[in-house]
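Colleague: From first to last, the protein sequence lines are chains S and P.
Sequential numbering from 44 applies to the first sequence in the working numbering.
Sequential numbering from 44 applies to the second sequence in the working numbering.
Among the clues, some could well be false.
Heads up, the list lumps identical chains together, so a pair's fine if it works in one copy or across two of them.
[Claimed, not checked] Below are the SDA-like pairs computed for lysine to any residue, each with C-alpha atoms no more than 25 Å apart in a straight line:
| hint | residue 1 | residue 2 |
| --- | --- | --- |
| 1 | Lys204 | Asn244 |
| 2 | Lys148 | Leu259 |
| 3 | Lys187 | Gly258 |
| 4 | Lys148 | Gly54 |
| 5 | Lys66 | Ala215 |
| 6 | Lys148 | Ala206 |
| 7 | Lys187 | Arg255 |
| 8 | Lys248 | Ala206 |
| 9 | Lys204 | Gln153 |
| 10 | Lys250 | Gln220 |
| 11 | Lys148 | Thr257 |
| 12 | Lys148 | Asn244 |
| 13 | Lys246 | Asp194 |
If you're looking for bench data, these hints aren't it; they were derived computationally from the structure.
Protein chains: 2
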Amino acid sequence: MTTLAILGGTGHEGAGLALRWAKAGHTVLIGSRAAEKAQATAAEINARLGLTTVSGHDNLAAAQAAEVIVLTVPYSAHTATLESVRDAAQGKIFIDVTVPLVPPKVSRVQLPAAGSASQEAQNILGPAVKVVTAFQNISAEHLKDPDHAIDCDVLVCGDDKEAKALVIQLAAEAGMQGWDAGPLANAVVPEGLTSVLIALNQKYKVKSSGLRLTGLNA
Amino acid sequence: MTTLAILGGTGHEGAGLALRWAKAGHTVLIGSRAAEKAQATAAEINARLGLTTVSGHDNLAAAQAAEVIVLTVPYSAHTATLESVRDAAQGKIFIDVTVPLVPPKVSRVQLPAAGSASQEAQNILGPAVKVVTAFQNISAEHLKDPDHAIDCDVLVCGDDKEAKALVIQLAAEAGMQGWDAGPLANAVVPEGLTSVLIALNQKYKVKSSGLRLTGLNA
Numbered sequence: 044m045t046t047l048a049i050l051g052g053t054g055h056e057g058a059g060l061a062l063r064w065a066k067a068g069h070t071v072l073i074g075s076r077a078a079e080k081a082q083a084t085a086a087e088i089n090a091r092l093g094l095t096t097v098s099g100h101d102n103l104a105a106a107q108a109a110e111v112i113v114l115t116v117p118y119s120a121h122t123a124t125l126e127s128v129r130d131a132a133q134g135k136i137f138i139d140v141t142v143p144l145v146p147p148k149v150s151r152v153q154l155p156a157a158g159s160a161s162q163e164a165q166n167i168l169g170p171a172v173k174v175v176t177a178f179q180n181i182s183a184e185h186l187k188d189p190d191h192a193i194d195c196d197v198l199v200c201g202d203d204k205e206a207k208a209l210v211i212q213l214a215a216e217a218g219m220q221g222w223d224a225g226p227l228a229n230a231v232v233p234e235g236l237t238s239v240l241i242a243l244n245q246k247y248k249v250k251s252s253g254l255r256l257t258g259l260n261a
Numbered sequence: 044m045t046t047l048a049i050l051g052g053t054g055h056e057g058a059g060l061a062l063r064w065a066k067a068g069h070t071v072l073i074g075s076r077a078a079e080k081a082q083a084t085a086a087e088i089n090a091r092l093g094l095t096t097v098s099g100h101d102n103l104a105a106a107q108a109a110e111v112i113v114l115t116v117p118y119s120a121h122t123a124t125l126e127s128v129r130d131a132a133q134g135k136i137f138i139d140v141t142v143p144l145v146p147p148k149v150s151r152v153q154l155p156a157a158g159s160a161s162q163e164a165q166n167i168l169g170p171a172v173k174v175v176t177a178f179q180n181i182s183a184e185h186l187k188d189p190d191h192a193i194d195c196d197v198l199v200c201g202d203d204k205e206a207k208a209l210v211i212q213l214a215a216e217a218g219m220q221g222w223d224a225g226p227l228a229n230a231v232v233p234e235g236l237t238s239v240l241i242a243l244n245q246k247y248k249v250k251s252s253g254l255r256l257t258g259l260n261a
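Modelling step: build the complete structure from the supplied sequences, incorporating the hints.
Modeller: In C-alpha cells, the structure reads:
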C-alpha cells in the first residue's frame, strides 16, 4: 500500500480520487492551502468509509510525507502549488491531473506555452521528479460515488515506464482502466480532451461524456 | 449527392474514404500531384464497386471541380498543397485529415506553431474557406474494406456549424459515427490522438487502436 498526497484534495476531482484510493486500502493525505479545510474533507471521507487512514494537511506537509504526489488544483493555482512543493517532490512520482482550462471558454483547447500543463510541471519540478499525466477526463461526479462504474478510460503519459505502470495500477484500484499513451509530450491529448468532452456535453446536452479506447488488449 | 475532391487520394487513407463515399453514391474526384496516378486509383475503385463515378485529376483540377474538398496528404506536403488550391477552395467546405506527424518519432505529439495542422490550413486558405478537421484517427486498413465495421468515432472540429453537420453526415455515409467536438481550436486533440493511438499500437502490440465516446446520445 502506498502513501498518496492529493494536493487540492478538497476539490471534487481530488476528493473523489481520495475516496476511491482510501477504499482500496491506501493511506491518503489530503492537501489544501488551508490545513483545516483538508482535515474536514479527510474527516468526511473517513466517516463515509468507516476508516481512519485519511488525514488532512497543508499542501507542503502532505507532499513531504507522501511517496506519490497527485496534483488536482485549478489551473490558476498550478504554478504556485508546483513551486511550493518542488523540494518535497524530488525523486517522487508526481501525477498531474491539472487541465489548463482558461475560463470562460472552457470548451476550447487553450494550450500553455510548454505544450501542456504536465510539461510545465516537469519544467518547474526538474528532471528528478517522475511526472505522469492522468485522470483529466474522469467525471468528478462519477468518482465520488465509489460504486459508480466509470465508463471512461485513463490515458497515462510520461517519460518513466515504471511510474506509468504504477499509475495504471492506481487507476485499476480506483475502478478505471489506464493505458500507457506514450511520452509526457503526449499530455496535450488528455488535457485537451477535457475541453472536447466539455464541448460534447454542451452540444449533446449530457453531463459526463467520456471515451473508451478500442482495438486493444490489456 | 455531393461532388467530393480527395487531394492525396492515392494514399491509403484518401483511397479508403474515396471508396466508401463512392459506394454511398457520391461523385468522387481523386486528386494527386500526378493525374495519371489519380486516374489509376480511380479506375481501381470503379472496378471494385462496378461504378463509373470516380475519376482522377491533378489536385488543382479536382479542387476546382468539387463542392467539398478533402485533404489527405502527408504532413510534409501540407503547406504546398494548400497553397496550390487556395483559390479553388474559396467559399467551400475543406476537410483537413492531415496529421502533423514528424518522422521518425510518430508516436510523439509534435505540434505545429499554429497549434494544429487544421489551424495552419485555415491560416493559409483564409477566412472564406470553411475548414473542418476530421477522420485522423480512422485506420486506413479498415477504411479500404467497405464491409469492415469501424470501431472508432470521428471527432469533428470547426468554426462553422453547418459544415460540421455535413461532415458528420459524410462520416455516417462512410460507416462512422461523427461528433461535433467544438471549434477548430480543438483540432489539436484529434490530430494528437493519432500519435497516441500509434503509441498504444506499439505498446500493446496491436494494429488499429481507436476510440469511442461514451455518455452521449446522438
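Colleague: Could you run down the list of hints and mark each one as holding or not?
Modeller: Structure-based check of all given hints:
1. In this assembly of identical chains, lysine 204 and asparagine 244 lie within 25 Å of each other by CA distance solely across copies; the values are 16 Å between and 33 Å within a copy.
2. Taking the shortest Cα distances, lysine 148 and leucine 259 sit within 25 Å of each other only across copies (21 Å), while inside one copy they are farther apart (34 Å).
3. For a Cα distance limit of 25 Å, the shortest separation of lysine 187 from glycine 258 across copies, 17 Å, qualifies, whereas the shortest one inside one copy, 29 Å, does not.
4. In this homomeric assembly, lysine 148 and glycine 54 come within 25 Å of each other (Cα to Cα) only inside a single copy, at 21 Å, whereas the closest approach across copies is 37 Å.
5. With identical chains, the CA atoms of lysine 66 and alanine 215 are at most 25 Å apart within one copy only, with a shortest distance of 13 Å there and 43 Å across copies.
6. With identical chains, the CA atoms of lysine 148 and alanine 206 are at most 25 Å apart between copies only, with a shortest distance of 22 Å across copies and 33 Å within one.
7. Within a single copy, lysine 187 and arginine 255 get their C-alpha atoms as close as 20 Å, and across copies as close as 24 Å, so both meet the 25 Å cut-off.
8. Proximity of lysine 248 and alanine 206 under a CA criterion of 25 Å is satisfied inter-copy only: 20 Å between copies versus 37 Å inside one chain copy.
9. For the identical chains of this complex, lysine 204 and glutamine 153 are inter-copy neighbours only, at 20 Å across copies versus 28 Å inside a copy, given an alpha-carbon limit of 25 Å.
10. Taking the shortest Cα distances, lysine 250 and glutamine 220 sit within 25 Å of each other both inside one copy (21 Å) and across copies (20 Å).
11. Taking the shortest alpha-carbon separations for lysine 148 and threonine 257, only the inter-copy value of 23 Å comes in at or below 25 Å, while the best intra-copy value is 30 Å.
12. In this homomeric assembly, lysine 148 and asparagine 244 come within 25 Å of each other (Cα to Cα) only inside a single copy, at 14 Å, whereas the closest approach across copies is 33 Å.
13. Taking identical chains as interchangeable, the C-alpha atoms of lysine 246 and aspartate 194 lie at most 25 Å apart whether they share a chain (19 Å) or sit on different chains (22 Å).
Consistency with the previously given hints is maintained throughout, with no hint failing.
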